[in-house]
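S.K.: Single-letter residue listing:
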Amino acid sequence: MSQIDLFNTVSRSVRSGAQQGPSSENGHNNNAQATTTQAVPTTPTAPKTKGTTIAGTMHATDSALDSDAAFKLKGNRVTMTILELYRYDYKSFNDTLATTVNSAPDFFNQTPVILSLEKCAPDCYIDFIELGELCREYGLVPVAIRGGSEEQSVSANVAGLPKLPAASMSGKSSDIVPDASAALREVRVEVPVSANKLITTPIRSGQQVYAPGGDLVIIAPVSAGAEILADGNIHVYGPLRGRALAGVKGDTSARIFCQSLEAELISIAGNYKVNEDLQKEHWKERIQARLEGNQLVIGPL
Amino acid sequence: MAEIIVVTSGKGGVGKTTTSAAIGTGLALQGHKTVIIDFDVGLRNLDLIMGCERRVVYDFINLINGESNLNQTLIKDKRIDNLSILPASQTRDKDALTIEGVQKVLDELKKTYDFIICDSPAGIEKGAMMAMYFADRAVVVTNPEVSSVRDSDRILGILQSKTLRAENGGEPVREHLLLTRYSPERVEKGEMLSVKDVEDILSIPLLGVIPESKAVLSASNQGNPVILDEESDAGQAYKDAVRRLLGENVEHRFLTASRKGILSRMFGGR
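Chains as they are written, first to last, in this note's numbering: chain A, 1 to 301; chain B, 1 to 270.
Errors might be hidden in some of the hints.
[What the hints assert, rightly or not] Using C-beta positions, here's what the derived DEER-type ranges look like:
| # | chain 1 | residue 1 | chain 2 | residue 2 | range |
| --- | --- | --- | --- | --- | --- |
| 1 | A | Q110 | B | T112 | 54 to 60 angstroms |
| 2 | B | E167 | A | T99 | 48 to 54 angstroms |
| 3 | B | L164 | A | D89 | 51 to 57 angstroms |
| 4 | A | S103 | B | K76 | 55 to 61 angstroms |
| 5 | A | T99 | B | N69 | 53 to 59 angstroms |
Honestly, the hints are just simulated from the structure, not real lab data.
Cβ atoms here follow ideal geometry from the backbone N, Cα and C, with glycine treated the same way.
With these hints in hand, go ahead and build the complete structure from the sequences.
M.R.: Listed below in structure tokens is the structure:
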């Protein structure tokens with residue numbers, strides 16, 4: 001029952017690897033440590049039991065393999081459908097549901113939905129058990145409610161539906177009008193934000209591409225006179241002829257990978273090599289570049 | 001549905017106007033109603049290469065400013081029925097070109113023409129930007145030397161970011177590589193970049209390779225598009241390129257020294 005709330009809690013810190021078990025005291029991963037710590041105060045609704053587990057796991061680590069824990073809690077974001085309820089009575093709900101589902105019969109197949117009560121009158125009585133059964137009949141599986149009055153939350157809780165925070169926190173959602181032709185009918189509950197950037201077209205001379213806060217992946221050539229930058233790693237699946245700067249905000253663990261080293265300049269966290277030096281070894285070869293101390297090392301991949 | 005093709009390069013002197021004239025003429029010869037627009041406002045050249053410089057009354061800028069109409073401004077080619085030329089102004093500069101003005105003229109031309117060839121000026125300034133802005137396809141003219149290839153690369157980047165198609169986020173501008181002034185002998189000696197080198201760097205489909213040829217200069221001086229010189233290798237290469245532009249699958253010629261050698265002996269002295 002508390003899982004959705006928990007899910008929502010952890011989803012704020014995508015990379016946090018909260019973990020139970022004896023090895024959880026090893027504080028290797030500073031990132032996870034930081035994000036987990038941050039995540040907890042922002043979620044006052046976090047359920048007591050597991051919430052404290054996370055709060056207690058200040059020294060989170062990713063080394064799941066060397067622990068004998070049965071599971072590990074991980075943050076993630078998923079896209080979910082929202083059923084926005086305006087009012088509830090058996091007949092009208094049944095009718096609307098039938099019309100909706102019949103217009104796209106294959107679309108709803110054990111589809112989890114979140115019931116949004118934000119547009120519903122606070123004093124509207126909703127029989128969540130009945131509603132749940134109706135939904136399941138049509139292939140929808142209610143997993144949680146969002147918004148709604150105190151009374152509604154209590155009766156939802158009785159029906160096994162936990163309450164999520166109101167929609168204003170999770171950004172915009174758009175109306176779903178399910179019809180058989182429309183491809184996109186889902187509403188993003190939590191917009192998945194990946195800081196990584198993927199480029200599939202050639203980066204030409206004079207162009208500059210920057211991936212702030214993540215990796216830059218390029219599946220095309222990078223021309224001489226082009227500049228590619230990333231806070232994280234840089235991958236070029238093609239010849240790298242321009243300038244590549246990884247870890248531009250100082251991440252010394254960032255690396256640069258490319259299929260053919262023909263670069264004008266390669267730099268990791270400010271430590272660089274220019275074309276003249278690069279030509280001396282591994283020229284036009286598949287390489288990876290990384291930092292050893294302050295030394296930029298280029299080796300075969 | 002009219003197609004707008006920009007002939008561009010970034011670098012000057014690589015053969016944009018020669019190519020515009022040849023491709024425009026070639027398309028018209030294939031029966032397509034074609035107009036070539038000279039975007040090189042202030043340095044008008046196209047009319048010279050097309051041999052119609054003495055018939056220029058009004059120009060592109062007059063048309064944009066509404067000082068003349070299409071009929072008055074377009075110059076009909078005397079050799080080919082389907083071909084017209086829209087000359088550039090000699091007395092103005094490129095600031096006279098505006099997006100709205102260019103669009104107005106192109107919209108008008110689209111009603112009657114199958115192909116609109118935009119002969120871009122060199123550089124990446126306003127004239128070049130205007131020439132490529134509305135393009136559906138681009139012929140990127142490149143010489144087999146590093147600076148020309150670098151400039152073409154720059155232009156390709158601009159084509160994919162600063163054109164109407166790029167701004168609308170729809171189908172991008174279709175790019176074609178045209179390698180001009182190619183000399184297989186010099187490639188073999190290692191003095192010149194090979195077709196493969198250039199294709200490798202620019203990674204766009206090859207429309208054609210035009211061999212270095214004396215026919216080009218003499219054709220320009222006579223005001224005859226080189227494509228009309230059916231005996232010259234350059235003329236034939238342009239013809240092949242036009243067919244490829246129209247979607248035909250034509251094998252590339254004039255790529256190796258030996259074949260070029262035979263041909264230059266056959267058509268020698270040109």
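S.K.: Confirm or reject each hint.
M.R.: Hints, verified against the model:
For the pair Q110 of chain A and T112 of chain B, the beta carbons lie near 59 angstroms from each other, so the given range of 54 to 60 angstroms is met. Here the CB-CB span from E167 of chain B to T99 of chain A is close to 40 angstroms, at odds with the stated 48 to 54 angstroms. Under the hint 51 to 57 angstroms, the C-beta atoms of L164 of chain B and D89 of chain A, about 53 angstroms apart, fit the expected range. For the pair S103 of chain A and K76 of chain B, the beta carbons lie near 58 angstroms from each other, so the given range of 55 to 61 angstroms is met.
As the Cβ distance of T99 of chain A to N69 of chain B is approximately 58 angstroms, the hint placing it in 53 to 59 angstroms holds.
When the structure is compared with the earlier hints, a violation turns up for hint 2 alone.
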